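Student: Each chain, letter by letter, is given below.
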Amino acid sequence: MDFLLEIGVEDLPSRFLTPALGDLAALLREKLTQNDLGFVSITALGTPRRLAVHASGLADRQPERTDLKLGPPIHVAYDGEGNPTAAAISFAAKFGLTEADLGIAQTPKGERVQVEIKTGGASTVDLLPGISEALVTELPLPKAMRWGAGEVRFLRPIRWLVALADDAVVPLEIGEIKAGRHSRGHRFLADVEFELPDASLDTYVRACREHDLIPDGTAVDDEGGVQSPGERYSYLKKRLEELLSAHGNVIFDEELLLDVTNGVEHPTCLEGGFEERFLELPEVVVSSVLKEYQKYFEVRDATGALLPRFIVVRDGGDRNVGGVVAGHERVLRARLTDAAFFWDQDRKRSLVSLTEELADLQFIRGLGSYSDKRNRLLTLVQSVNAEGFCGADPAVAGHLERAASLAKQDLLTRLVVEFTGLQGLIGGELARTQKEPEPVWRAVCEQYLPKRFSGRAEELPQTAAGCLLALLDRLDTLAGCFAIGLSPTGSRDPYGLRRAARGIIGIAAGVEGHEPTGFDHARLDLEPLLRIAVSNFSGTTKRAFDEGEVYGKLVAFLAERALRLLGELGLPTDAVRAALGAYPTRPWSAWRSAHSLARAKGSTEFADVATGYKRACNILRQAAREFDLTEFKPFDAARLEQDEERRLAKLLARDGEGVAAAVRRGDFDAALGKIAGFREAIDRFFDEVTVFTDSEELRDNRLALLNELVGVFGRVGDLSLIQAE
Amino acid sequence: MNILTLQELTLRFYRFWADQGCLIGHGYDMPTGAGTANPLTFFGVLGPQPWRTAYVEPSRRPDDGRYGENPHRFYKHFQLQVILKPSPADIQNVYLDSLRAVGIEPLDHDVKFDEDNWESPSLGAWGTGWQVLLDGMEITQFTYFQQMGGALLKPVTVELTYGLERLLMHIAGVDDGFELLWSPDVSYRRVQQMSEYENSRYSYETADVELYTRQFDELEAEIEKLLQAEEPLIYPAYDLVSYAAHLFNVLDARGAVGVAERARYLGRLRKITSALAALYLERIEKRPDWILGSGAVVA
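One line per chain: the protein sequences are X and V, in this order.
The opening position of the first sequence corresponds to residue 114 in our numbering, with each subsequent residue numbered one higher.
The opening position of the second sequence corresponds to residue 291 in our numbering, with each subsequent residue numbered one higher.
In case anyone wonders, no lab produced these hints; they're calculated from the structure.
Wrong hints could be hidden among the right ones.
[Stated by the list, open to error] Each computed BS3-like pair below joins lysine-lysine, with the alpha-carbon atoms no more than 27 Å apart:
1) 444(V) <-> 256(X)
2) 655(X) <-> 561(V)
3) 561(V) <-> 256(X)
4) 291(X) <-> 144(X)
5) 746(X) <-> 763(X)
6) 655(X) <-> 666(X)
7) 561(V) <-> 444(V)
8) 444(V) <-> 291(X)
9) 655(X) <-> 256(X)
10) 222(X) <-> 207(X)
11) 655(X) <-> 727(X)
12) 256(X) <-> 408(X)
Remember, it's a predicted structure, so these values are computed and weren't measured experimentally.
When you get a sec, could you build the whole thing from the sequences and use the hints?
Tutor: Structure (structure tokens):
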């Protein structure tokens, strides 16, 4: 059986479409499972005016099931004369049955009374009305509204409903709307109702196409990246690329494309232009006007220079193209004129003079003002500088401090109030024109980079002060949000904390090609910074929090995001876990460890060494468990008795320091190479040497030897987490 | 005929919305920033009675003044305000028909309903809806009021606010608002530009901050008296709070209000408008013949 539900709505905000389709599919899956109804597949699809969900291969009815419920033992259930007791009767009554329904069950603990409960068997047709209603009324609503009589809540007013089970209408009523089999075509191109003969997905999609609609959804991951593009998205992207390539550069804003895709039912791309004089504005301002005000795509030539052109996506066909483009051009001219006015106003104020007003600007609710944020950043800067992190280039410390003190003022400029996407960029531009040193204005400019880190160096800040400012700003935001319980849940991450965590990892990892002068990734341990970031909030929050607990959650969150990021880059999960196990707060080491482990994983030498490591760990755990031994002195080479243990000791003495040194250099391949050389010695040791001997002295010395081995190997990663191929 | 004058555009809209059962009202006789603050809307959306009205509201926004030099921004512009309670099921289509009534065929344009939720902190009001974009230009604010004066609204009103200058600029293909024609032989410039210039000068540069601050406080005290009286006088208090809101807008444009202070001013205004909404609802319960609403009057 096919099932189709279409909720016809007034134009949904584009940001709601993707999550709503995901939620709708999940909700149908949940309801079918709860109702014990089998199905083959579930598809959610939609446009701004319709949310649809389809199930195929739906079972005609629930399977019949018989549950046996055990009651009291036989001697409790019946009296000496074989009559049921009150206990037996009340047991049966619990299931709406009588004593006549009681049977006897043999159990390992003797005979007990039992009853058979038959469930299921309901027909799907009878269950679908309830399920359909739940799909509408239980859909999560990020922002609910009411309309008309005000009885129903939804994302936007519901104007029609289609609910079909094969060729029959499913009875369903939401407020004043009754479900039927009529959907509606494109508002302008096919302004009619159309009938759906049955619930098949094919019929639905075909009928939509005939009425100038491309219904589908584009799946995104929990950080907003496209996971699987839908047809409307792909169609639009192809058209866009054709138009852009004529000018030499096909780069476009992915976020904007998704937004636009989710805002139209029938996309048509049109191209227009604007006067060259507006290119005298800072380029970022023009870009923002195009994107944020007008949702236009910018156009660049082969060298990457911005051209006085734009592409707009119309929800409609190609009637009166000239008139439509002329209209858009007129609006754009007005917008750019306004932006030029704002820019002139903003340039009149110095960043320094705006500092006081930061106190009036709220940061995230519950985390104080931007003045508070600025003070916390300065505290973090001091500790970075105190740690000597910028020792390589003492000038960085001063630049960082200056940049942090000027970082947030641009939030008060008119341009940034109008275009949040310009934050940092306007501050940087103002700092530059107000004669701040280049490293300072560049740091201000770079503080919100990377936007969404996907592993490439060019996405990151390129100056030392910029890297540190971006890092500290994010640490502060993460620490604050976690301290007041605003950590992301499910698909909800309103403060972009996942992206922030990813950004921290990206900046600190030292990815290939990321070499800002004066920024030594290897020295960066996030632990002290995270602790200060957390303690900065102590005593400032409404409810007190436990610093250690918040710190622990932050480390786990960063690890989770690193796992995700490195997984996307193709690294196996166990290698990443092993790396993070050894270096939870040192992204530079973890990054290198994970890559080397991923490379080494396939080889037999490595597998054997990892197995040896695991055995050594197990033995140490056993020692802790059985003899309460957790602290070991360095082993005493003179007291080793067997050749196999002396061999291992010799290798440790020879290569232990080499492994440590390679790890410090970040050359985990070399460290792993050295470790692979232990393979035979380890095998022989476990074959020939008994650790738990009767002689305590011998035993402890051998445990000490293994402890050292684990210490050396553990530097390349927690090898016990590596899974055998 | 082509609709090339502001008055013709207005008349067409009035005809259209009168045919939809709207009472054709008048702009508020107090300075206000938007048609929403007109009592026909503020009080009309409260309570259960169906209500439909349309009127042009001269809307003063001291912070938008550009000395009559910017072709798109005005100290005072003219809004066509339409109120429909409860919101009709086919309202989006009716709205598109209203565009057709003034010569805009949506099929020939790029019409989008772009999410834009509306909030008025001073009126204790918010709603969800869109800005309607015509070839990229915002021509209408389309809002389902969820709350007004702090009161939850049921039934729900839909508000359509058309920016008349912008719409006419699009229809007439004119880039400069001052080049519009108000009537066949009088330009918008002749009617408005001097007042644009002088009001910008005044509210940005010369308005007496001390006077405005004091007047705000005095009005607030007077309103307090009206509210505390045995028989609270709701309409007079509403007129006074509307004027107080205008004083605040001038102070704000004058740069005399810090951000924290701004929130405080808005809170003071909201407190009064919320109290007035509650008092109005109490009053119409006792005097149903005073309800702003259509249909049979309950005696």
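Student: What are the numbers of the hints the structure violates, in ascending order?
Tutor: 11
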